[in-house]
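Trainee: With the sequences and hints as input, model every part of the structure.
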Amino acid sequence: MKTTGKTTDLSRRQILKGGAALAGAAAGTAITGFPAVIAAEPVTLRYLSTATNQSPAIAERAAKDLGIKIEYVTVTTDDVTKRIITQPNSFDLVDTEYFSLRNLVPSGNLMGLDAKKIKLVDKLAPAITKGEIGGKKIGNQGTAPNKVMYLEGQNSKKFAASPTEWITLIPTTYNADTLGIRPDLVGRPIESWAELLNPQFKGKASILNIPSIGIMDAAMVMEATGKHKYADKGNMTKEEIDLTIATLIEAKKAGQFRAFWTDFNESVNLMASGETVIQSMWSPAVTAVRLKGIQCKFQPLKEGYRAWASGFGLPRTLKGKELDAAYEFVNWFLSGWAGAHLNRQGYYSAVLDTAKENMEPYEWAYWMEGKPAEKDIKGPDGGLLEKAGAVRDGGSYSERMGAVACWNSIMDENAYMVRKWNEFIAA
Amino acid sequence: MLHHARWTSYWQAAPLAAVFLAFFILPLIVTLVVSFWSYTGYSIEPAFIWDNYRDAFDRCVESLPDLCTTFRTYLSTLKFCLTVWLLTLVIGFTIAYYLTFEIRSSTVRLVLALLCTIPFWTSNVIRMISWVPLLGRNGLVNQALMGAGLVEQPLDWLLYSNFSVILAFVHINTVFMIVPIANSMSRIDRSLVEAARDAGATGWQILSNVIIPLSKTGIAIGSIFVITVVMGDFITIGIMGGQQIASAGKVIQTQIGALQFPIAAANAVVLLAVVLMIIALLVRFIDIRKEL
Chain R
1 MKTTGKTTDL
11 SRRQILKGGA
21 ALAGAAAGTA
31 ITGFPAVIAA
41 EPVTLRYLST
51 ATNQSPAIAE
61 RAAKDLGIKI
71 EYVTVTTDDV
81 TKRIITQPNS
91 FDLVDTEYFS
101 LRNLVPSGNL
111 MGLDAKKIKL
121 VDKLAPAITK
131 GEIGGKKIGN
141 QGTAPNKVMY
151 LEGQNSKKFA
161 ASPTEWITLI
171 PTTYNADTLG
181 IRPDLVGRPI
191 ESWAELLNPQ
201 FKGKASILNI
211 PSIGIMDAAM
221 VMEATGKHKY
231 ADKGNMTKEE
241 IDLTIATLIE
251 AKKAGQFRAF
261 WTDFNESVNL
271 MASGETVIQS
281 MWSPAVTAVR
291 LKGIQCKFQP
301 LKEGYRAWAS
311 GFGLPRTLKG
321 KELDAAYEFV
331 NWFLSGWAGA
341 HLNRQGYYSA
351 VLDTAKENME
361 PYEWAYWMEG
371 KPAEKDIKGP
381 DGGLLEKAGA
391 VRDGGSYSER
401 MGAVACWNSI
411 MDENAYMVRK
421 WNEFIAA
Chain P
1 MLHHARWTSY
11 WQAAPLAAVF
21 LAFFILPLIV
31 TLVVSFWSYT
41 GYSIEPAFIW
51 DNYRDAFDRC
61 VESLPDLCTT
71 FRTYLSTLKF
81 CLTVWLLTLV
91 IGFTIAYYLT
101 FEIRSSTVRL
111 VLALLCTIPF
121 WTSNVIRMIS
131 WVPLLGRNGL
141 VNQALMGAGL
151 VEQPLDWLLY
161 SNFSVILAFV
171 HINTVFMIVP
181 IANSMSRIDR
191 SLVEAARDAG
201 ATGWQILSNV
211 IIPLSKTGIA
221 IGSIFVITVV
231 MGDFITIGIM
241 GGQQIASAGK
251 VIQTQIGALQ
261 FPIAAANAVV
271 LLAVVLMIIA
281 LLVRFIDIRK
291 EL
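For the protein sequence lines, the chains are R and P, in the order given.
Taking the working numbering, the leading residue of the first sequence gets 1, the next gets one more, and so forth.
Taking the working numbering, the leading residue of the second sequence gets 1, the next gets one more, and so forth.
Hint data in this document are derived by calculation from the structure and do not stem from the laboratory.
Among these hints, one or two may not hold up.
[What the hints assert, rightly or not] No farther apart than 30 Å at their CA atoms in a straight line, the calculated lysine-lysine pairs in the DSSO-like style are these:
| # | chain 1 | residue 1 | chain 2 | residue 2 |
| --- | --- | --- | --- | --- |
| 1 | R | Lys137 | R | Lys158 |
| 2 | R | Lys252 | R | Lys202 |
| 3 | R | Lys253 | R | Lys238 |
| 4 | R | Lys253 | R | Lys229 |
| 5 | P | Lys79 | R | Lys253 |
| 6 | R | Lys157 | R | Lys119 |
| 7 | R | Lys202 | P | Lys79 |
| 8 | R | Lys64 | R | Lys119 |
| 9 | P | Lys216 | R | Lys252 |
[Unchecked claim] Short derived list, chain R residues pointing at chain P, Cβ under 8 Å:
| # | residue |
| --- | --- |
| 10 | Thr81 |
| 11 | Asn209 |
| 12 | Phe257 |
| 13 | Thr262 |
| 14 | Asn269 |
[What the hints assert, rightly or not] Some chain P residues judged to face chain R by a derived CB distance under 8 Å, without partners named:
| # | residue |
| --- | --- |
| 15 | Ser43 |
| 16 | Asp55 |
| 17 | Pro65 |
| 18 | Thr69 |
| 19 | Thr73 |
| 20 | Val132 |
| 21 | Asn138 |
| 22 | Asp156 |
| 23 | Tyr160 |
| 24 | Gln244 |
| 25 | Gly257 |
| 26 | Leu259 |
| 27 | Gln260 |
Fair warning: this is a prediction, and the values are worked out from it, not measured in the lab.
Ideal Cβ positions, reconstructed from N, Cα and C, are used throughout, including at glycine.
Mentor: Right under this line is the structure:
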């Protein structure tokens with residue numbers, strides 16, 4: 001610090017004053033939402049979602065391209081829903097899963113996005129909007145996105161049966177989940193969901209302890225073993241819930257499960273440490289195990305995948321500059337750079353064409369067409385993911401998404417299901 | 001003058017009372033009220049219904065002598081509670097005794113007491129997770145046992161079992177016993193111990209007739225800490241039990257996750273009632289206020 005003027009004797013009090021003024025100025029710039037300040041200020045959007053979809057690179061790029069500041073609010077899947085319902089003013093943009101819409105839309109805290117303001121609305125992946133790939137229908141059980149995609153009006157609390165101009169969520173990412181295995185420890189081909197409860201893997205299996213998703217994995221197993229055929233795995237009757245939970249309890253009592261997991265890191269640790277060799281898993285968790293130099297496979301199974309999709313929603317109270325900025329950001333998100341970024345992590349992006357333009361041809365061939373990698377495949381951070389010659393587990397986009405059997409869901413009997421699930425954990 | 005002094009003490013207690021009222025009593029009342037409300041997947045509606053309590057004790061009477069989920073959960077939690085309480089009491093009492101009566105130098109005593117708190121320099125979750133590479137199937141303990149030829153197969157019960165849950169609980173909670181017991185012991189008049197010895201009491205007699213009765217307050221306070229922590233825990237049981245062991249806290253957490261606030265509130269009220277009953281039982285034997 002330099003002193004100017006006649007006196008060189010800078011008292012402690014003066015320094016304190018100067019410091020206070022500086023602090024005041026800093027605090028002033030941090031405050032947004034006051035029109036007087038905003039003129040020279042970038043708009044800040046509070047972006048609520050799980051850690052899965054929040055990449056610092058995307059926020060950086062958006063700041064560069066749009067001058068919009070993205071402020072991530074990171075919580076768990078359940079807490080995203082909880083926030084929307086209990087604190088709808090605590091975010092400007094939310095990235096949430098389609099299945100939770102069955103609880104979110106009746107709460108009236110979200111508004112429909114205006115389709116006319118979404119430039120690429122016609123290019124959104126038909127897997128999400130129509131439940132089909134290349135004109136062919138894919139599995140529609142559970143809360144498939146196309147069932148909850150449109151609202152009857154902007155502030156309607158009812159889903160529309162056919163497309164309208166009011167969209168609940170604009171898709172961001174989606175994927176098809178299956179079982180993860182340790183091929184080195186399993187030592188034989190795995191082809192069916194039934195293997196999760198195969199006594200051969202006693203004490204070495206795991207299922208995820210998020211009731212609404214875990215029950216779907218259990219349903220895949222039930223159908224694979226021929227124990228029961230559900231009319232809709234994503235919307236079971238009470239009897240079906242009883243039957244499914246009874247099977248899980250039987251397996252648990254026989255010592256089938258080593259542990260259950262609820263978050264990403266737990267699933268990685270269980271697999272990497274060899275505590276489990278077969279378990280419910282998410283794609284990036286499989287990648288994380290492989291990055292440790294441990295063999296792990298996201299095993300395609302003949303009964304198909306359990307799919308999920310997530311998308312952008314807007315709180316009903318959003319208006320003015322923030323509302324415009326939110327639309328601007330959503331349009332930017334669909335325009336390609338972010339889509340390519342997500343595709344390189346093994347997710348799928350909402351608009352495939354624009355993402356393709358932002359990826360190298362060999363990257364597109366590996367991630368989306370199921371072809372052997374021509375060159376080493378790098379992750380978004382530049383780290384080595386796969387060596388040249390590797391093929392993606394499950395193959396191409398249409399092979400993987402085309403084999404979807406059901407979608408994550410909220411059942412009509414959700415409350416009953418949660419109670420029974422607690423019974424399973426206590427058994 | 002006397003009148004004036006009485007009001008002064010009320011004012012002095014007021015700030016703490018206000019904090020308790022705002023952050024403890026009010027939330028508790030809200031919890032109690034909400035436990036009688038009805039709910040949907042996305043809303044809670046004011047009502048006065050007993051359904052949530054009925055759901056919490058679903059088929060508990062009909063299915064006897066088989067235990068329903070709630071009874072089984074509480075029984076399992078109570079078993080942990082009793083085991084952990086006994087272990088932390090014995091270990092904590094022994095350490096406190098050693099610190100107070102065997103260590104002569106107060107500097108050494110202070111250093112040793114600080115050593116006991118070292119595990120608390122890192123977070124609860126880290127302390128628990130660090131057991132995993134130690135006790136896992138391919139962990140250090142199993143590798144050592146197999147290397148020494150003591151076992152042929154890795155021992156599975158070391159991790160994700162009742163054993164590992166109790167181990168972690170004792171590791172985390174023993175210090176809550178040590179501190180209040182050592183505090184009580186340090187206030188024991190040494191001349192009482194000398195008098196007992198002069199009167200011909202053996203070491204055990206001194207312990208059971210002088211030291212234990214005079215440490216009762218510390219034991220009671222430590223016990224309350226340990227019992228309330230174990231009864232309400234779901235993180236330790238979750239991580240160390242591989243989420244395969246139920247706990248009242250986990251049931252509540254799952255219900256909150258599913259946005260079923262009223263039934264979660266009902267379960268919280270039940271849990272509170274159980275813990276209060278245990279503590280009431282405890283203070284029946286030891287009048288904490290009299291001993292303080």
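Trainee: Now, for every hint given, state plainly whether the structure supports it.
Mentor: Against the structure, the hints come out as follows:
Simply put, R/Lys137 and R/Lys158 have alpha-carbon atoms about 25 Å apart, close enough for the 30 Å limit, and the pair holds. Of the supplied pair hints, the one linking R/Lys252 and R/Lys202 holds, its CA atoms being roughly 10 Å apart against a limit of 30 Å. Between R/Lys253 and R/Lys238 the CA atoms are separated by roughly 22 Å; this keeps the pair inside 30 Å, and the hint holds. In summary, the hint linking R/Lys253 to R/Lys229 is supported, as the alpha carbons are separated by about 24 Å, within the 30 Å threshold.
Of the pairs offered as hints, the one joining P/Lys79 and R/Lys253 holds, with about 19 Å between alpha carbons and a cut-off of 30 Å not exceeded. A C-alpha spacing of about 25 Å is found between R/Lys157 and R/Lys119, which places the hinted pair at or below 30 Å, so the restraint holds. For the given pair, R/Lys202 sits about 27 Å from P/Lys79 by alpha-carbon distance, which is consistent with the 30 Å threshold. At most 30 Å may separate the alpha-carbon atoms for a hinted pair to count; R/Lys64 and R/Lys119 meet this at roughly 20 Å.
At most 30 Å may separate the alpha-carbon atoms for a hinted pair to count; P/Lys216 and R/Lys252 exceed this at roughly 43 Å. The restraint placing R/Thr81 at the interface with chain P holds, with a minimum CB-CB distance near 7 Å, inside the 8 Å limit. Annotation: R/Asn209 was flagged as interfacial toward chain P, and the flag holds, the nearest CB pair being 5 Å apart, inside 8 Å. Proximity of R/Phe257 to chain P holds as hinted, the smallest CB-CB distance being about 6 Å (cut-off 8 Å).
A distance limit of 8 Å between C-beta atoms decides the matter here; for R/Thr262 the minimum to chain P is near 7 Å, and the interface restraint holds. Satisfaction of the interface hint for R/Asn269 is found here, the shortest Cβ-Cβ separation to chain P being roughly 7 Å, below the 8 Å cut-off. Taken as an interface hint, P/Ser43 checks out: its beta carbon lies about 6 Å from the nearest beta carbon of chain R, inside 8 Å. Evaluation of the P/Asp55 hint against chain R yields a held restraint, the C-beta minimum of about 7 Å falling below 8 Å.
A distance limit of 8 Å between C-beta atoms decides the matter here; for P/Pro65 the minimum to chain R is near 17 Å, and the interface restraint is violated. Taken as an interface hint, P/Thr69 checks out: its beta carbon lies about 5 Å from the nearest beta carbon of chain R, inside 8 Å. A cut of 8 Å between beta carbons decides the hint on P/Thr73: the least distance to chain R is about 5 Å, and the hint holds. A distance limit of 8 Å between C-beta atoms decides the matter here; for P/Val132 the minimum to chain R is near 7 Å, and the interface restraint holds.
With 8 Å as the threshold, the beta carbon of P/Asn138 comes within range of chain R, its nearest partner Cβ sitting at about 5 Å, so the hint holds. The beta carbon of P/Asp156 comes within 6 Å of a beta carbon in chain R, closer than 8 Å, and the hint placing it at the interface holds. The closest approach between the C-beta of P/Tyr160 and any C-beta of chain R is roughly 5 Å, which is under the 8 Å cut-off, so the hint is satisfied. Among the interface hints, the one on P/Gln244 holds; its C-beta lies about 6 Å from the nearest C-beta in chain R, closer than the 8 Å criterion.
This hint holds: P/Gly257 has a C-beta 4 Å from the nearest C-beta of chain R, less than the 8 Å allowed. For the restraint placing P/Leu259 at the interface with chain R, the shortest Cβ-Cβ distance is roughly 6 Å, inside the 8 Å limit, so the hint holds. The beta carbon of P/Gln260 comes within 6 Å of a beta carbon in chain R, closer than 8 Å, and the hint placing it at the interface holds.
Hints 9 and 17 from the list above are not met by this structure, while the remaining hints are.
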